[in-house]
Amino acid sequence: MSDWPAALTALSLAEARDGLARREFSARELTENYIAVVEVVRPLNAFITETPDQALAMAKAADERLARAEGRPLDGIPIAVKDLFCTKGVLTTAGSHILDGFHPPYESTVTEKLWQAGAVMLGKANLDEFAMGSSSTTSYYGPVENPWRRRPNGRAGDNRPVVAGGSSGGSAAAVAAHAAMAATGTDTGGSIRQPASFCGIVGLKPTYGRCSRWGVVAYASSLDHPGPMTRTVRDAAIMLRAMAGHDLKDSTSAPLPVPDYEAGLTGEIRGMRIGVPREYRVEQMPGEIEALWQQGVDWLREAGADPVEISLPHTKYALPAYYIIAPAEASSNLARYDGVRFGLRVGAASLDEMYELTRAAGFGAEVRRRVLIGTFVLSAGYYDAYYLKAQRVRALVARDFAKAFEEVDAILVPTAPSAAFAIGDNTDDSIAMYLNDVFTVPANLAGLPAISVPAGLSADGLPLGLQIIGRAFDEEGILRVAQVLESAAEFRHLPAFIAGKT
Amino acid sequence: MLIKGRTGEWETVIGLEVHAQIVSEAKLFSGAATAFGAEPNTQVSPVDAAFPGMLPVINRHCVEQAVKTGLGLDAEVNFVSVFDRKNYFYPDLPAGYQISQYLQPVVGHGRVVLDMPDGRTREIGITRLHLEQDAGKSLHDQHPNLTFVDLNRAGIGLMEIVSEPDLRSAEEAGLYLRKLRSILRYLGTCDGNMEEGSLRCDANVSVRRPGEPYGTRCEIKNLNSVRYVMQAIAYEAQRQIELIEEGGQVVQQTRLFDVGRGVTRPMRSKEEAHDYRYFPDPDLLPLVLDPAWVEQLRAGLPELPDTKKARFISSLGLSPDDATVLVAEQATALFFEQVATGRDPKMAANWVTGDLFAALNRLGIGIEQSPVSPSQLGGLIDLIADGTISGRLAKDVFVEMIATGADPATIVENKGLRQVTDEGAIAAAVDAVLAAQVDKVAEYRSGRDKLYGFFVGQVMRATQGKANPTLVNDLLKKKLTG
Amino acid sequence: MALDRATVAHIATLARIRLPEAELEPLAAELSQILNWVEQLSEVDTSGVAPMASVAASGLPMREDQVTDGDCRDAILDNAPRTARGFFAVPKVIE
Ligand SMILES: [Mg+2]
Ligand SMILES: [Zn+2]
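Chains as they are written, first to last, in our numbering: chain A, 1 to 502; chain B, 503 to 984; chain C, 985 to 1079.
Read the hints as simulated data drawn from the structure, not as lab findings.
Some clues are possibly wrong.
Stated by the list, open to error - Pairs of lysine to aspartate or glutamate residues, derived as EDC-like cross-links and limited to a Cα-Cα distance of at most 16 Å, are as follows:
1) Lys979(B) x Glu945(B)
2) Lys1076(C) x Glu32(A)
3) Lys1076(C) x Glu353(A)
4) Lys60(A) x Glu39(A)
5) Lys88(A) x Asp1062(C)
6) Lys1076(C) x Asp643(B)
7) Lys316(A) x Asp1029(C)
8) Lys249(A) x Asp1049(C)
9) Lys316(A) x Glu1027(C)
10) Lys249(A) x Glu1023(C)
11) Lys506(B) x Glu519(B)
12) Lys88(A) x Asp1058(C)
13) Lys316(A) x Glu1023(C)
14) Lys249(A) x Glu1048(C)
This structure is a prediction, so every number in the text was calculated from the model and none was measured.
Taking the hints into account, I'd like the entire structure generated from these sequences.
Encoded structure:
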């Protein structure tokens, strides 16, 4: 017997778009299906706020446009929005207690573009507090649970819920559990790609400057990248086109036209040179990850590409550099949460006491840790040794990539050094948790586009992703390679949460 | 200028940090308005209030104003400068950081020339000028246990202009501030209005024995009039001298000037040592200026007070004192030049700095509000020059012009003040006076030369002051000796 | 480097986060561990390498001097924990 409430949610975004255009079903039906699934997946805690009424109103407007044959690129497509994007009049929390009750009087540029394209908002997705994390367990609103479970016959006796990855874990879980057709994410050190890998979906971090940061709660401004999370590469191409574009309100936004990414999905990668960096073969990497990576190389070779071993010598130093730069920027970006103009205030007789008590109560342990580290590395006497040093290393990491891209057209690496781990693991060892981002952080430091594609299952039956990194603003190139990988991998598995209910 | 203490002479060393609000419609990084005096929090955008996800975009005009000011201070313009975040918590600093420029300001070394009272000039070095955001306003006196915060001012563009520690007395500090304000107003980059807070000054003050290294300095914050700057510095220097002479030591400190009591006192909220953790603002890229654009701005600069003063002295033959006074305010210089065009410049200068200034002073208004226009004052000078009225009568006409705003010619006509140059009429008046004063004439003729003035006065009175003085002289002399 | 309690307390004050006494020691240990780990960067020869603050390549875009925002006091004050007479209100500050 099936208690899955919806048939339409199995469609990909592209399929649903085409079905809507052919009027095979209405945006209202599609949205109602999704609202029902959003309710079913509540145990995963993927959403902080559900917005069914808004969704239905938006679907109605989409149906009216579709009826007039004035359909827009995403008309009637129900999506989840990472709760880091400000949404006008809708509670926006960044997963933090400190933003209690915050209703922004404005809409982020990226979500505004999505609504202009006709998309329907199902709700605000859970995340690591202020996007600081790789597990989506640090949210004030509780941890996100991955819809996937280890195989019962896997590692003996361990069928604990696993993390969705982070920080865009709620977005990834919602898309993987068919509770959203697509979602927005943000990626500062891997926060789109790593949860995509953990949840068996596609996650694309565009080039820095491709998607506006305006209206996105800032974690580390020079590293924050909004981007799409979807079930297929084609869907990522469609979403990215709607999200991307020059924004005069973001001084770091790139003044470049946005290509038709979907049209670029030709499946043709013959003659493309694919870099395989030897420094990513880290010591502790599980054999199955290494094997999957090799499999990926083989798939691309079979499709006519030309794999080339390359060297990115400073790879090892990207992660420690990131854990100086990101907290430094965060310590400053989070100073505005002071109990004066919005969010939480803990009452006190003096101003400084109000600040200190509010911020102590409002920030969770990981945010506090990063704000303190960031404050320290910027403080008098330590700035040069830590912050400036990290920025110089950042320059070297970027230089490595620039050199590599003189020889190759794209780079293939694993997305993460492991599959999803159990909720509660890695929590008392910060560095073990930070190591999750070892393969994703370099692209953030260099601002390069990178995409994670589900490519296989671990021995435990959990999804594993492969990552393509491209030249700046060559999202078309990595999408094309990603789609070839996607076809070769034929990843058709469903997460336990869905499989168990259908 | 040295100060005599109990144990000998002391020298005051002063450096000023001036915060000049940039004249602009919108704020430095947001599209909110900058007008003074609006209802609280009505000129605030979510960017100014540092709402989550808000980002700064710089106002081109503010950059232009800073560059123009740099050029006006004869300073180096840096073609690449960087915006940094200065991190500290305060309720009127919404983001918890001020966007400022630290290591790479937009303007580097420059200078301001002081016009000293003895007629010499003295050059004061400018260390730098950088762009930064203003903070909001905290009102501490509106409620027994709350501070109120108004963010209207938050985010308005400021130029922070830092001088070298080249100033040596409160008087020099006053001259410097007035000169700087004059340059800013000439450039139109800051209105210089200290009451409204458009121009605020922090003074770093220390004392030393002449020739010795700098002493420990104290910073006096937020001085909002030239008078207070001078009072605060004078007090602070005296305080430090007395402290040292009594065997104490100056502690580096931030202090506030108590306007009511005329003293400085330590600022409580600034006791904790600051660590501003400056770093480049990742929301903004480096500001790169096109050298051609900078040259274009340079070419468009107005004539500034120093150049104008030199020209007034060399081309118009004014005294340095008159020139200094006339160029201090651009409006005065403009007024004067309009009056002087086609007329005797010295005469124009005398009228402007003499009767006009006195009248404006009495009325408590600026030259922009003068009831007498430059062309009217010029007209009055013309009437003197062509002999229509005497210089003495002109003073009366001017009083009438100030009172009524009427043209001098009209006043002269209506009041019948036209000078009498008819020799016959004057001779008749002279004859009448001499006939009426037979005794005095006799005295004069017997050697009392001093009576001559008496006869002139009598003739002028008889002609209501309108008689041409030269003719009166000629005729009187002739007839008395006659 | 190893952070001591006093340093942790100092940076917590700079960051305006109140830390209970009992947390200082464990936090000092945790933060020291992270700092020790990032210090592996000292192995990298960065002489002559300019620090990279941003990857964005284009110049700084500029806005025209036009009033396009503001005049929205309610939107600005609506989220505030405490306001009075159109102002934000905070515990009294003594200057
Ligand atoms: Mg200063
Ligand atoms: Zn300043």
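Hint-by-hint comparison with the structure:
Simply put, lysine 979(B) and glutamate 945(B) have alpha-carbon atoms about 15 Å apart, close enough for the 16 Å limit, and the pair holds. As the CA atoms of lysine 1076(C) and glutamate 32(A) are separated by approximately 51 Å, the hinted pair breaks the 16 Å bound. Straight-line distance between C-alpha atoms of lysine 1076(C) and glutamate 353(A) comes to about 11 Å, which keeps the hinted pair within the 16 Å bound. Between lysine 60(A) and glutamate 39(A) the CA atoms are separated by roughly 20 Å; this puts the pair beyond 16 Å, and the hint is violated.
For a cut-off of 16 Å, the pair hint linking lysine 88(A) to aspartate 1062(C) stands: about 13 Å separates their Cα positions. Straight-line distance between C-alpha atoms of lysine 1076(C) and aspartate 643(B) comes to about 9 Å, which keeps the hinted pair within the 16 Å bound. The hinted pair formed by lysine 316(A) and aspartate 1029(C) meets the criterion: a straight-line CA distance of about 14 Å does not exceed 16 Å. In summary, the hint linking lysine 249(A) to aspartate 1049(C) is supported, as the alpha carbons are separated by about 14 Å, within the 16 Å threshold.
Distance hint between lysine 316(A) and glutamate 1027(C) is fulfilled; the C-alpha atoms sit about 11 Å from each other, no more than 16 Å. As the CA atoms of lysine 249(A) and glutamate 1023(C) are separated by approximately 37 Å, the hinted pair breaks the 16 Å bound. Note on lysine 506(B) and glutamate 519(B): the hinted pairing is violated, with a Cα-Cα distance of about 27 Å set against a maximum of 16 Å. Between lysine 88(A) and aspartate 1058(C), the direct Cα distance comes to roughly 14 Å. Compliance with the 16 Å bound is thereby established for this hinted pair.
A threshold of 16 Å between alpha carbons decides the hint, and for lysine 316(A) with glutamate 1023(C) the separation of about 12 Å falls inside it, so the pair holds. Distance hint between lysine 249(A) and glutamate 1048(C) is fulfilled; the C-alpha atoms sit about 12 Å from each other, no more than 16 Å.
Checked against the numbered hints above, the structure breaks hints 2, 4, 10, 11 and satisfies the rest.
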